[in-house]
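Given the structure of chain A, go ahead and fit chain B onto it with the hints provided.
These protein sequence lines map, in sequence, to chains A and B. Just so you know, we're using this note's numbering here: the first sequence kicks off at 1 and counts up by one. Just so you know, we're using this note's numbering here: the second sequence kicks off at 1 and counts up by one.
To be clear, the hints were calculated from the coordinates, so they are not data collected in a lab. Glycine included, C-beta positions come from ideal geometry on N, C-alpha and C. Misleading hints may appear alongside valid ones.
To be clear about the criterion: a stretch of chain A counts as covered by chain B if any three or more of its residues have a C-beta under 8 Å from a C-beta of chain B, and this derived list gives those stretches [as the list claims (entries may be wrong)]: (1) 21-30; (2) 38-46.
To be clear about the criterion: a stretch of chain B counts as covered by chain A if any three or more of its residues have a C-beta under 8 Å from a C-beta of chain A, and this derived list gives those stretches [stated by the list, open to error]: (3) 16-24; (4) 76-86.
Computed from the model, here is a short list of chain A residues facing chain B with C-beta under 8 Å [claimed, not checked]: (5) Gly33; (6) Gly79; (7) Glu117.
What follows is each chain in one-letter form.
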Amino acid sequence: MARGPAAERSHPSETSESASVLGRGARVRGRVGGEGDLRVEGSIEGDVALSGELSIEEGGSVAGNVGASTVLIGGALTGDVAATGAVVIRASAKVAGNMSGAEVSLEEGASFSGRIEAEFDLPAELAGRQGR
Amino acid sequence: MAGTIIGQGITIEGELTSDEEVVIAGTVRGKLSADGPVTVDAGAVVEADIGASTLSIGGSVTGNVNASERVDLLGGARLVGDVKAARLTIADGASFKGNVDMDV
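This is chain B alone, in the form it adopts within the complex:
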């Protein structure tokens, strides 16, 4: 079970940090940084840079994302921002605008 779940109706304006898993179904504006997996559910809106171990995006993210392991953009995801991650997948239907650095 996720350590932190921010539901659909909830908005956080500021910085959210966690040492465990985070699931965002609502809105975050500011900064999001987790030591564990971060999931941005379909319908969620994140206007923030994101740091995570793994990042799974099904909703909308505007900001740079940095994952120590991997970033997955699901169909329906929208990412405007740069990606820094060792592994990246972009599903059919995802929208993405930004630079990718896989630390090659």
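If we strip away everything but chain A, and leave its shape as in the complex, we get:
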């Protein structure tokens, strides 16, 4: 009897655009892109270009350049990151590459090698005082 795939997962139409997961036992060799968020528990060898959030879980890995709105790194990343929003490098992360985002944070315990560039506008009050 053929299964209805939608019936087994809760609200696939709501989550399908925003709950993509690359499982622990999965590997992609090639490019990943598109609209939505992606949680990486497995590995990606290739570039990633997402409109949404990329989250590399502890145990997950990405070897390639990443472009996304928000990038949360708890696993391994070798490659450059260009985020329109925040880049969060967690304690469990091992990162080698250049990070660029609106804000970049590095938790104690993280391994990081590379450059960090956070581009932001100082609020008017500070900009005036510091003469930037």
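For chain B alone, kept in the frame of chain A given last:
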């Protein structure tokens, strides 16, 4: 819960391999090979050969499919490619063009 879920807006160009279940609601171009069940949801587009234990197709697949157990084409499915599987069902409304080898 599926090991890997590729949502509607996501495209993978290259090879996706998994030792667990895979659900594709987005697009895969290249090659897809899983040790477990693979589901291609309605609206998904797969231009790749697929290997799986069981394969349930509700969307569009162009490529040869090889399942160790079974392949099910649901109504609305579109498969252009050969099928190699011990069991096969083709629901009313599915489109299929290809050869079938049930290893008889």
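Structure-based check of each hint:
no. : hint   : result
1   : 21-30  : holds (count 10)
2   : 38-46  : holds (count 3)
3   : 16-24  : holds (count 8)
4   : 76-86  : violated (count 0)
5   : Gly33  : holds (5 Å)
6   : Gly79  : violated (15 Å)
7   : Glu117 : violated (27 Å)
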